[in-house]
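> Okay, here's what each chain looks like letter by letter:
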Amino acid sequence: MVVSFQEAVERLENGAIMPEHEFDLRVGQLARKYVKEFGIKMNPEEVVNSDDGLADSAFQAAQQLFVELGVYCTNTGRVAKFTEGEAKEAINSYPTKLEFGEGKEKGFMTPRQVEDRAPPWVNFSAVGTPVPSSQFVTVMRSYAQEPLANAFSGPSLLELNGRVVRSGAPVEVEAALFNVRSTREAARLAGRPGLGSHNLVGCAEKTAAVLAALHPDFGVRKTDGVFVAALGEMKVDYERLNKVPFLQDAGYHTGGLYGPLMGGYAGGAAETALVLLAHFYLGRLMFRAEFSNCFPLNIRETCNTTPEMLWLVSLVSQAMRRNTNAMHTMNAFLSSGPCTEMITYELAAHSIAATVSGAHLNPAAPARNKYPERCSGMEARIHAEVGHAVARSGIKRAEANKIVKKLLEKYESKIRDAPVGKKFSECYDLRTVKPSQEYLDIYANTKRFLADLGLVV
Amino acid sequence: MDSSDFPYISLSSFVCSVMRLEDISNAIIAGDEAQASALAKQLLDAGTPPSQIITEGLAPAMAEVGRRFDRLEIFLSEVLLSADAMKAALKVLEPAMLTSKSVAKKQGVVVIGTIEGDVHDIGKNIVATMLEASGFEVHDLGKDVPVAAFIKKAQEYKADFIAVSALMTTTMYNMPRLIRDLTDMGLRDLFKVIVGGAPVLPEWAQEIGADGYGKDFMEAVSVFKGLTEK
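In the order they appear, the protein sequences are chains A and B. Mapping to the numbering used here: the first sequence position 274 is 274, numbers consecutive. Mapping to the numbering used here: the second sequence position 127 is 1127, numbers consecutive.
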């Protein structure tokens, strides 16, 4: 039987005491140890990993890393440890079918396999890009109206009716309520009232604000989801854990959210891959996660479209897909912004690497997730359509690798100074909620480029 | 010019001193805390002034660590190990620094933390480490630091700078509160406020009245140094 949430919290309260700094360093030390022991290394020729043995080794290495490292709680300053048997039970206990949406929009997220011809499940999201409240519903509609959106979630708020949304202040609760009401309104305006949300609240950080919004009167449904995030590498805190008993009892879907930094505490790409894999154990044991959303980032470039990040995305996805039924989405973080040629290449590269490796998708965070109003449904459309094309075509990892390397030739050298792109209001018609011809033309060119490489989108 | 123009120093001890300064740099770059401490002691025993050990041994080592991290040739855990090695060496030098006439000048006193509501601290930790390596006296208040605590600690440590980080848009908006509270309390002129973090843009930093902004740790250290020289 899987260790209960209550037992897991007990261990956070009674485990070995350790200074946080020491735990942070231990993450890297142990990740290096297991990378060396299991020979986890990127083959520079394979941005998309094709080595099944390497994926399986990464999975085994991550399991041992998790067992030796444990989970750190910043409130108690203690480390919860789990046995290998408990870790295995946890990773094998993820559900294999999740229902989102209702009516005509009801859908089921199920596991994919490596090189699967089944299309990826795609959670369309503005991933926390701040937008003004006056545009919030329109921005959300641009995602909800996309036919390939299986579920969707909103951006963050620059302000709420002229008031800044500050974490911990009453206005944060108002923002969370506004967020969930707007989600339903956007779905209705898009003609898809039943469309589910994989993460209901993106406008609030504090648990009190998130939970306040999860009232059926505001339009939320038990088939919607809420993310619970890990803090940095393999750490949790009570603020986020406080969501878990409520989500468990109320019956909303719980998504684990993990974003380890390549170049950070874990180390390089191989070490960070193991640490990301270890988070799947953390997510199930500490958050009761039913699925996971992964946004590993290059610490310097704040994106996951560099060659080593694409390799990490592919390796982790293959490791999970070949060894478990736990479902995960890969969250694209792009260095460039909307309505640029570069973002179409970045989106395509990330989508190909993730989809062919068996992942589901969660697009997208443009312009390093830094610049207000730089998000639109078009980025999610591109990511999803490329993913569907990969599955439909049945391309193998070796072919995917060739295409991704050609895409990298187009943008890799520009990542450091990537263009921030256009604001939503500059690349969409706010009345019709249609993308600009300029953006459509840019995408059409990229589709031609991909078709020449053998991938028809 | 003859040899009497120079203070007497034998060639062998000069070479030894240079070598040990290079060695202590290498020990810090390698993150070898024990070796850095031992070499600091040897250099002091050999009569090398603590200010020279800092400026020619410790500081260049951390600058090199910063450059390597910027190129991702090394990773954060290595940076932190180097910082620990530097701190260990500084601890050995401390008593001598108190009595030495040639104490290395502190660049300034900084209180640093992640703003109220925000528990993300990796970026803040990197900046704090690099500031310390660059000669600033750094008081790291940690994460989720209330606005009032920034002000209280800045007063307590007689800080020159209050450095504030945020990773979330919702927490970022606690930064202008800090500046407004400082103004309302009549303390604004006492501290330079530097802001940074993923969602913070230079235009916004200017709009809220911050004194400086750093897009990453390299830029942040330059901004602090620039403001110190003013």
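Keep in mind that the hints are not guaranteed to be accurate.
[To be verified] What follows is a set of in silico ranges between Cβ atoms, one per label pair, in the way DEER data are often shown:
| no. | chain 1 | residue 1 | chain 2 | residue 2 | range |
| --- | --- | --- | --- | --- | --- |
| 1 | B | Asp1184 | A | Pro170 | 17 to 25 Å |
| 2 | A | Glu159 | B | Asp1184 | 21 to 29 Å |
| 3 | A | Glu22 | B | Leu1190 | 30 to 38 Å |
| 4 | B | Gly1209 | A | Glu159 | 31 to 39 Å |
| 5 | A | Val456 | B | Met1218 | 38 to 46 Å |
| 6 | B | Glu1064 | A | Tyr238 | 48 to 56 Å |
| 7 | A | Phe108 | B | Arg1188 | 27 to 35 Å |
| 8 | B | Glu1073 | A | Glu409 | 20 to 28 Å |
| 9 | B | Glu1064 | A | Phe108 | 53 to 61 Å |
| 10 | B | Glu1073 | A | Glu68 | 22 to 30 Å |
| 11 | A | Asp217 | B | Asp1184 | 37 to 45 Å |
Source of the hints: derived by calculation from the structure; they are not laboratory data. Glycine residues also receive a C-beta, built at the ideal position from the N, C-alpha and C atoms.
> I want to verify a distance hint. Is the separation of the beta carbons of A:Asp217 and B:Asp1184 within 37 to 45 Å?
The hint (37 to 45 Å, Cβ to Cβ) holds, given that A:Asp217 and B:Asp1184 are roughly 39 Å apart.
> 27 to 35 Å was suggested as the range; check whether the CB atoms of A:Phe108 and B:Arg1188 agree with it.
Given range 27 to 35 Å: violated, Cβ gap about 57 Å.
> So the hint says 53 to 61 Å: do the beta-carbon atoms of B:Glu1064 and A:Phe108 match that?
For B:Glu1064 and A:Phe108 the Cβ distance comes to about 54 Å; the hint holds.
> Could you see if the CB distance from B:Glu1073 to A:Glu68 stays within 22 to 30 Å?
Between B:Glu1073 and A:Glu68, where Cβ atoms are some 27 Å apart, the hint holds.
> Regarding A:Glu22 and B:Leu1190, is the given constraint of 30 to 38 Å on their beta-carbon distance met?
About 35 Å separates the Cβ atoms of A:Glu22 and B:Leu1190, which means 30 to 38 Å holds.
> Do the Cβ positions of A:Glu159 and B:Asp1184 conform to the proposed distance bound of 21 to 29 Å?
22 Å, holds
> Are B:Glu1064 and A:Tyr238 spaced within 48 to 56 Å by their CB atoms?
Taking Cβ atoms as reference, B:Glu1064 and A:Tyr238 lie about 40 Å apart, which means the hint is violated.
> Looking only at beta-carbon atoms, does the pair B:Asp1184, A:Pro170 fall within the given range of 17 to 25 Å?
21 Å, holds
> Taking the CB of B:Gly1209 and the CB of A:Glu159, does the distance hold inside 31 to 39 Å?
With Cβ atoms ~18 Å apart, the hint is violated.
> Just to be sure I understand the hint, the distance between the Cβ atoms of A:Val456 and B:Met1218 should be within 38 to 46 Å; is that true here?
Since the Cβ atoms of A:Val456 and B:Met1218 sit about 44 Å apart, the hinted range of 38 to 46 Å holds.
> Kindly confirm whether 20 to 28 Å is satisfied by the beta carbon distance between B:Glu1073 and A:Glu409.
Roughly 23 Å apart at Cβ, these two residues keep to the hinted range, so it holds.
In summary, the structure is inconsistent with hints 4, 6, 7 from the numbered list given earlier, while agreeing with the others.
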